[in-house]
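> So the protein sequences, as listed, match chains A and B.
Residues in the first sequence are numbered consecutively from 0, following numbering that gives the first Met the number 0.
Residues in the second sequence are numbered consecutively from 0, following numbering that gives the first Met the number 0.
Listed next, the in silico DSSO-like pairs over lysine-lysine satisfying Cα-Cα at most 30 Å (straight line):
#, chain 1, residue 1, chain 2, residue 2
1, B, LYS191, B, LYS95
2, B, LYS95, A, LYS270
3, B, LYS191, A, LYS9
4, B, LYS2, A, LYS105
5, A, LYS167, B, LYS6
6, B, LYS5, A, LYS107
7, B, LYS95, A, LYS8
8, A, LYS270, B, LYS212
9, A, LYS8, B, LYS191
10, A, LYS167, B, LYS2
11, B, LYS93, A, LYS8
12, A, LYS41, B, LYS129
13, B, LYS212, A, LYS133
Here's a subset of chain B near chain A, in silico, CB distances under 7 Å, partners left out:
#, residue
14, PHE19
15, ILE110
16, GLY111
17, ILE201
18, PHE257
If you are wondering where the hints come from, they were derived from the structure by calculation, not from laboratory data.
Source: prediction; values computed, not measured.
Every residue, glycine too, gets a C-beta built ideally from N, C-alpha and C.
Read off the chains here:
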Amino acid sequence: MKKSNVMSKKISDAITFVVLCILVLLFLVPILFIILNSFKGKLYISDNPFAFPTAETFSGFTNYANGIAKTNFFSAFGWSLFITVFSVIAIILLTSMTAYYITRVKSKLTTTIYYMFAFSMIVPFQMVMFTMSKLANTLHLNNPWGMVILYTGFGAGLSVFMFSGFVKSIPIEIEEAAMIDGCTPLQTFFGVVMPILKPTAITVAILNAMWIWNDYLLPYLVIGVSTNYKTIPVVVQYLVGSYGAKDMGAMMALLVLAIIPIVVFYLACQKYIIEGVVAGAVKG
Amino acid sequence: MQKTLKKYFAVFTVPTLLAFCLAFVVPFLMGLYLSFCNFTTVTNAKFVGFDNYIKAFAEPDFLNAMLFTVKFAVIAIVSINIFAFALSLLLTRKIKGTNLFRTVFFMPNLIGGIILGYIWQSMINAILVKYETTLVANATFGFWGLVVLMNWQMIGYMMIIYIAGLQNVPTDLIEAAEIDGATGWQTLLKVKIPMVMPSISICLFLTLSNCFKLFDQNLALTAGAPSKKTAMMALDIYNTFYGRAGFEGVGQAKAVMFFIIVATIAITQLAATRSKEVEQ
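Next up, chain A with everything else stripped away, as it sits in the complex (with noise of 0.2 Å):
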């Protein structure tokens, strides 16, 4: 009975293995598609677009070199990175203060402002995407630091939330302690604090980074197509959403170009990233 048992428990585990081996392929059939067909000839890739390439159609790294030249990605590449690091940092360094006050110290402005947060959560961007791209052209928030302003702030409701709800947690009697031997409260936060805040403060930056990073529609409101402010997915847009002589070879590398860096960052922090996203799915 028991040794039977043993056996059957190897046997699906081993067709277990086999289906999810196949899922796998499966889901890697769309990087692969792309990856394949961005060494093909842009002639040849609609002929048979699931072959691999050969002697006749491979076409080394022309598509890469148009794709990148075409629309300048390194550029997107420096401006994106730009964008996502400066505007990931002034949210953690001025969220993170503003969640600690208004939790700490209890009045009715500090309530409002919780839920005025808290309420930013549940609204869609396209409820304020034509006044806000409107606003921020008067105020000529139209670059890479205007940028960063706007992610802070429609980032903030958010990231205010997450800390808040960790702020909470934390004994008020090590922050008492830290004032009575002197220290200010910029001190006791950045001191004492900040530390605590640590494993919040690692999911809060990858969610907003994940989200700045692959953001379209706001970089390319305020920004637009017409400077050198370009991000990567503003160009991706630009360079194949066009309708008409697409050069599929160029669009092919450029994709793939894409999604290196993704990729990288994934394999390098992916149990910060897996651990951030289930954190931010129960929280948010």
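Place chain B on chain A using the hints.
Positioned in the frame of chain A, the structure of chain B alone reads:
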């Protein structure tokens, strides 16, 4: 301590509040007001009452977008959650390679909507070219293309949440069921699923709100073609604002209604998860 800290209001909160007002509070209030106005730029607004709302509802495109969004959401939510839950069951059996499988399944979730949309557009067109048609020839292709794309993107995300839920089910509970002679199927229905109900409600609402707010994927995959039949609500609002001069007010009115729908979903979620927490 409160007293000392209180004096630091400006340092701790003002920078965030300024950015928040600029990016959210002011545009939100302006948007709310402008939905009752006729305008082309923000400065030449003329109050017209509920005119924009009436115009919005008279548009077949808007109603079609609403219907398309609801149909898409229902099918995507059901399929994503069934596949994700099935995968999470397979991945909690402690077999070899679990981590690698999990890594691959989750990855599409990190790729941005625009890029995802174009990957699938070229894939689907590559298949359809054999039948001498394209993705934008028929609204049905666009619909199912979007469903497949969304499944590809969100299954891994939901799977991770289900795995976390399943790992929290006490093993002695499952063992007790097995000793009592429960089959694998019975254990699943009577023990595992009731125990992961909180995860299920989180996943249902996450997929629901993500499906409703979908924009980038929709824009990149079909951009609404053919003739706006595959445009979802967010894309329809965008097209009303930026595709038709003189319709900014109608666009803003649609945006307000869109906000009310999305907010209702979110508030229901909050209420649902709150009451679940009390039960536990």
